Amino acid sequence: MTREGPLLETLTRRLTETPPEFLADTTETLAVVNDLLRMQGATSVSPLLDVLVGDGSPDAQNRGKLARVFAWLFADGWFVSARIDVLPAILSASAELAPLVAANKAVASADRREELARLALSKLDLRPQGESEALAKDRLVALSTAERARVLAASRAAEERARKIREELARKAAQEAADKASRE
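Per our numbering, the very first residue in the sequence shown carries number 1; after that it's consecutive.
Wrong hints could be hidden among the right ones.
When the alpha-carbon atoms are kept at most 27 angstroms apart in a straight line, the in silico DSS-like pairs for lysine-lysine are as follows [unchecked claim]: (1) Lys105 <-> Lys123; (2) Lys180 <-> Lys164; (3) Lys164 <-> Lys137; (4) Lys123 <-> Lys137.
Please keep in mind that the hints were generated in silico from the structure rather than gathered at the bench. Values in this document were obtained by computation on a predicted structure and should not be read as measured data.
Please model the entire structure based on the sequences and the hints provided.
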């Protein structure tokens, strides 16, 4: 996040205005993303777009919706005029969030819209205009669904380890009590 990007408020407002067609199951993801790439000056279809062809699973459908939402975000004039290669960011961000948050909910929630905007910027090594690098990183981590899922998984694993230790200690205590009773 070394370079300054557009205003965060501009991006979150744009996400609020996401056309409902971008969240529909019938909208063709490849066409939407390719249209964005052409707006940004691409002259041919990128072979990377093949990743967006889903297998029809709910996760793949959600990844496609998120890719369309990110394409809508990157169609903002700031990104179009900057001519930044946004396809890797679309692919990475949509794959990261697809198993964790539904695209419809991400667009409907203020915190998730901010997360989408910050994640999109971070994937391009950008930070919101007027923010320091440290603040931008802190806010992204604070809002990150992926980070929250990682912390919850680590917490569950720690609790499971603690439960196993308690069970082992109880088993040993019972064994020692039984051994003591048999000696007496």
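Results for each hint:
no. : hint              : in the structure
1   : Lys105 <-> Lys123 : 21 angstroms, holds
2   : Lys180 <-> Lys164 : 24 angstroms, holds
3   : Lys164 <-> Lys137 : 36 angstroms, violated
4   : Lys123 <-> Lys137 : 12 angstroms, holds
Hint 3 from the earlier list is the only one contradicted by this structure; the remaining hints agree with it.
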